[in-house]
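4 protein chains.
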Amino acid sequence: MRVGVLTGGSDCPGLNAVLRAIVRKGVQEYGDEFTGFRDGWRGVLRDETVPLDIRAVRGTLPRGGTILGSSRTNPLAQEDGADRVLGTLARHRLDALIVIGGTATLGAAARLAEDHGVPLVGVPKTIDNDIPLTDYTVGFDTAVGVATQAIDRLHTTAESHKRVLVVEVMGRSAGWIALHSGLAGGANCILIPEQPFNVEQVCEWVESRFRATYAPIVVIADSALPESGEITLHRGTTPLPSADPRARLSGVGEWLGREIERRTGKESRTTVLGHIQRGGAPSPFDRWLATRFGLHAIDAVHQGDWGSMTALQGTRITRVRLAEATSTLKTVDPSLYEEVGVFFG
Amino acid sequence: MRVGVLTGGSDCPGLNAVLRAIVRKGVQEYGDEFTGFRDGWRGVLRDETVPLDIRAVRGTLPRGGTILGSSRTNPLAQEDGADRVLGTLARHRLDALIVIGGTATLGAAARLAEDHGVPLVGVPKTIDNDIPLTDYTVGFDTAVGVATQAIDRLHTTAESHKRVLVVEVMGRSAGWIALHSGLAGGANCILIPEQPFNVEQVCEWVESRFRATYAPIVVIADSALPESGEITLHRGTTPLPSADPRARLSGVGEWLGREIERRTGKESRTTVLGHIQRGGAPSPFDRWLATRFGLHAIDAVHQGDWGSMTALQGTRITRVRLAEATSTLKTVDPSLYEEVGVFFG
Amino acid sequence: MRVGVLTGGSDCPGLNAVLRAIVRKGVQEYGDEFTGFRDGWRGVLRDETVPLDIRAVRGTLPRGGTILGSSRTNPLAQEDGADRVLGTLARHRLDALIVIGGTATLGAAARLAEDHGVPLVGVPKTIDNDIPLTDYTVGFDTAVGVATQAIDRLHTTAESHKRVLVVEVMGRSAGWIALHSGLAGGANCILIPEQPFNVEQVCEWVESRFRATYAPIVVIADSALPESGEITLHRGTTPLPSADPRARLSGVGEWLGREIERRTGKESRTTVLGHIQRGGAPSPFDRWLATRFGLHAIDAVHQGDWGSMTALQGTRITRVRLAEATSTLKTVDPSLYEEVGVFFG
Amino acid sequence: MRVGVLTGGSDCPGLNAVLRAIVRKGVQEYGDEFTGFRDGWRGVLRDETVPLDIRAVRGTLPRGGTILGSSRTNPLAQEDGADRVLGTLARHRLDALIVIGGTATLGAAARLAEDHGVPLVGVPKTIDNDIPLTDYTVGFDTAVGVATQAIDRLHTTAESHKRVLVVEVMGRSAGWIALHSGLAGGANCILIPEQPFNVEQVCEWVESRFRATYAPIVVIADSALPESGEITLHRGTTPLPSADPRARLSGVGEWLGREIERRTGKESRTTVLGHIQRGGAPSPFDRWLATRFGLHAIDAVHQGDWGSMTALQGTRITRVRLAEATSTLKTVDPSLYEEVGVFFG
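Chains as they are written, first to last, in our numbering: chain Y, 1 to 345; chain S, 1 to 345; chain R, 1 to 345; chain H, 1 to 345.
Same shape as in the complex, but just chain Y:
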């Protein structure tokens, strides 16, 4: 078969491992030929391709990023998007398309498969781990590893200087990275978007930690929100100019650090981990997951299971429907959050 492949959305570790597995199995077991599209859906719309054969994927298993490039282009944002996608596939005589991406990229894929009959299968990747029906997404374990290592390092500074250290981690709409890295890093408080936090409560945890002679580490997802009243309360002193939630949240870690300092009188420092969470060599778990997803995706292609997405369930790779997996976001369950609450304070 002739198969197109693209990687879309923010980059994350493990994308190349997916590509390598697809190509290795496709070429060796099925005799497939591959066409890589440059920069996600944009490359399909513009018909920009990248060579994708065994030579191209050699040595890429431990490399972060994606040899195909990526973008956040949504092919359905333009009226003739679906037609242009179909046109490009036809021009290259492609029998199928494998789409590796997060919710947005795969959401477009779901609609193209369902509404426009594009013969495609999906592979879920995002450091945010917010795609339902799969235990984990490619990239998440690596991001948790980077964040945990950073938290490990910050403990010594917190303790040597009796400071509060606030660590802002990524998590656009779900607190998975915060929850896992906070727990693994021994944070004294973890704040996630699923559970608006009470600054007063956070300050109590901080002070209780100081009484236990250790210094606190507070891990906060960059999309976590204080309970509503408090935002109004502090809008005066802290510049929170916009009603747009995204603008408001930018810098929530810095904001919280200042609030803690103001309320408790304890010196506080904020670290924003930023893009180091999505770069670099994938963890062994992510290489394993990415590789198996790639192997199963090419199988799905050969079975014509259009509109399906590879998923991890326990230790098995299964398939779910893209439409279902992109219809909602997987967020942290309240009972799980409560479970780890025993370590707060």
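Hint data in this document are derived by calculation from the structure and do not stem from the laboratory. Do not rely on the hints blindly, as some may be mistaken.
One copy or any two copies: either way a pair holds, since identical chains are not told apart in the list.
Said to hold, decoys possible - Capping the alpha-carbon separation at 20 Å, the derived lysine to aspartate or glutamate pairs in DMTMM-like fashion look like this: (1) K162 to E48; (2) K266 to E254; (3) K162 to D95; (4) K162 to D47; (5) K330 to D222; (6) K162 to E254; (7) K162 to E207; (8) K266 to E227; (9) K330 to D83; (10) K266 to E207; (11) K330 to D53.
Chain Y is already provided as a structure; the job is to place chains S, R and H on it using the hints.
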């Protein structure tokens, strides 16, 4: 409640994280008091204890090993073993025992619970990942990480010198570490005890890899075996003095390296990773798993679910019966091994 | 002898390794007794001590931070400071004091030794590496390692998204961390406080890098400054409210990222590494340096070489005068900066 | 100018960083053209070349190994070797040759320069750090890092099981890796080839360590030797068949582990680190050193400083004579070994 805790068998990363979670939740949520037993079952038989309170577990989350010590003592190897266990529990007025261990340690626990009414629950740990009914055991992810990092490093030597590099990893009776680290490390051939290997086939993979201009890495579990005939064939030149399988297997990596060199004429080097696979800081995944196992184990104690073992199924922590989980070993399924065979050669 | 020890200034990896070496050699070879002062000079002024014996330092070699705590208290900032220092030493009948710190901590030590006859020796530590007369200070190599690892991770994001990535590293008044990590991380441009930078030139390098099909990484020390005219030029659009240089510089990485984006039209992201640069396990080099400094400091005490500081010169540990080592800062030599300029753009 | 480059001897981390620096500066500042020789001196003898331009070295800074390949071929081992070297240089119209290697590779270079007028300069690399007149060689810091990380991991196993752990590290003829990693890893005893060891003394250290409630780690260079009498004593039980020193030393770590177990009755395990010490990404220090050596080597070429070798002295890159740097080996000074002896036992 008054709860005893022990860690048995070979040490592995994450044991302290289990202890910390048990104690944090037990003390804070249930008001429990804990007694740690020194060096696994041996400490119960000899009534040797170690203080185990919140102070003792503080700061231990990222530390490898076990603050309780460990041993391979089997309490049922001596006739009055069960009575002595019950005696020690009575002497300390313990209401329950939490046993953290691998197949042997937990197997003894299963019989003590089933046959002698010892009120205990189990937590599975072993870098070998060979305990059934749980997706993973504590320590496995870290061991895979160490082995993968080593394989990553060996690639450059293989390629610069056009050598075959054989890497012997642990795996007493199951090939999990070899399979996962070999796949994550981009090995060109992975040999596991579940699938006796054919040296001729291995040499063909090695030579095919050289033709592709790269140098091969062969990952082999220390319990992997060549197909039967070959052992006899080479007993003459290689000192394989004993018919005891354990003795015979000691050094299978070295043996394979020499065989490859002899048959293909390619220079070969063997690296035996050894104990670095079971030491040091646990990976974030292991800290997460260990912590959740600990939290759930103390819940099981308070629910009087004697003879149960915490288990990971997908992302949920469940409970299974110790007797069932220790009645067999979880080995690598042939279909999984076949799945990754696409990367051989 | 009876010897007091303190660690002052910002914490950094390797402090515990210095303490361990002092105590091991002092106790075993000289029969010394030690008193640790809590939180740097503050503990001496307030007479707050911490036990410091072989038991206290055991296992601390790989631990970041300082078991003594630290502070930025300057004992000479108060009129009777020197008297209080002498009073505390007399009260504990201490024959000597070992002061481990950066320029400020050691500067106070120099004056106490020279002007007030305090019998002390110094050990230089600071991630900034800005103390003269020693090749390196304790903590620097670890900080460079953390920054380099972060830059390694950011390359993949830069390339996958064709973005400019600006990395702000520490370096209060010298560009050593920026220079070493930028070179080791393969940055395309390194900006240090010793060399005011020209934003136009930076943008040219950025664009030349894109033409070479790779995406640029810009490493900037948090104290680096653009050439003077430009600050005025852009004060209008970017809020730079204060004339105080420290305030102005806060966020120079963010400022530069926006400038590059504005001028070149290329998407840009800034990562501020912050406190992870000064925490966590020391690198092997720092453990080696810290240990040898500790061993030589206790020798200096027994030789009564008051007012001296341990220093690294090549592979030898020597002694220099504290007064001289704290009279100026060691900055990056223009010829060295020029040497690495071949990699810019 | 037209410049040939080769990398010889065992591979080590940082070789590509040297190549990258040579090419970047040569092309950009001097307008040079480069020819890479495949597999060290062998490629010169056989006239086998590899493209070496800016494109070839791009992205190689963090990669271990060498893109040129390496071998241990000695060009002077064959009678017409010098002539063939000169012939190859003439055939490619090369004005100079840069030789990157250890003692053997550079020793041949020294003689070719001195006796045969080959216009060449040298760059010292070897994880063994045994080349005189330079503080460090390329690759050493990375090897120490790998060994230290392994020792860090082994501490937990030693302590959990109260075992002696023997770690055999590389060091063909000098104990530098053992000394630095042993000190940085907190070993309780370090055995190097420069100081024949007394097994009785080692056992005393081991037992004293157990009395202090910790378990011992013994670091031994693979070329370390027991004092003479002992070898004879134990030849009976341990197969030490050959009088050839190299054969005898193979496995000295295993031998020592068994001796300790036999004499003290304490369980002992040996880990042989092997080739992971010479593979993988170079440390930041090695990237810095390698890069600066490369920049200075191409300067030396343009100054016609034939027969010179780049060297590190303090923080400065200097030049020394290849003939002098290869006339002897740099071994560990007795006073330095004595200095760290305070940590033994």
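Hint check:
{"no.": "1", "hint": "K162 to E48", "verdict": "between (55 Å within a copy, 16 Å between copies)"}
{"no.": "2", "hint": "K266 to E254", "verdict": "within (15 Å within a copy, 26 Å between copies)"}
{"no.": "3", "hint": "K162 to D95", "verdict": "neither (62 Å within a copy, 30 Å between copies)"}
{"no.": "4", "hint": "K162 to D47", "verdict": "between (57 Å within a copy, 19 Å between copies)"}
{"no.": "5", "hint": "K330 to D222", "verdict": "within (17 Å within a copy, 38 Å between copies)"}
{"no.": "6", "hint": "K162 to E254", "verdict": "within (18 Å within a copy, 28 Å between copies)"}
{"no.": "7", "hint": "K162 to E207", "verdict": "within (11 Å within a copy, 39 Å between copies)"}
{"no.": "8", "hint": "K266 to E227", "verdict": "neither (22 Å within a copy, 37 Å between copies)"}
{"no.": "9", "hint": "K330 to D83", "verdict": "neither (31 Å within a copy, 50 Å between copies)"}
{"no.": "10", "hint": "K266 to E207", "verdict": "within (9 Å within a copy, 44 Å between copies)"}
{"no.": "11", "hint": "K330 to D53", "verdict": "neither (34 Å within a copy, 37 Å between copies)"}
Comparing the model with each numbered hint stated earlier shows that hints 3, 8, 9 and 11 do not hold.
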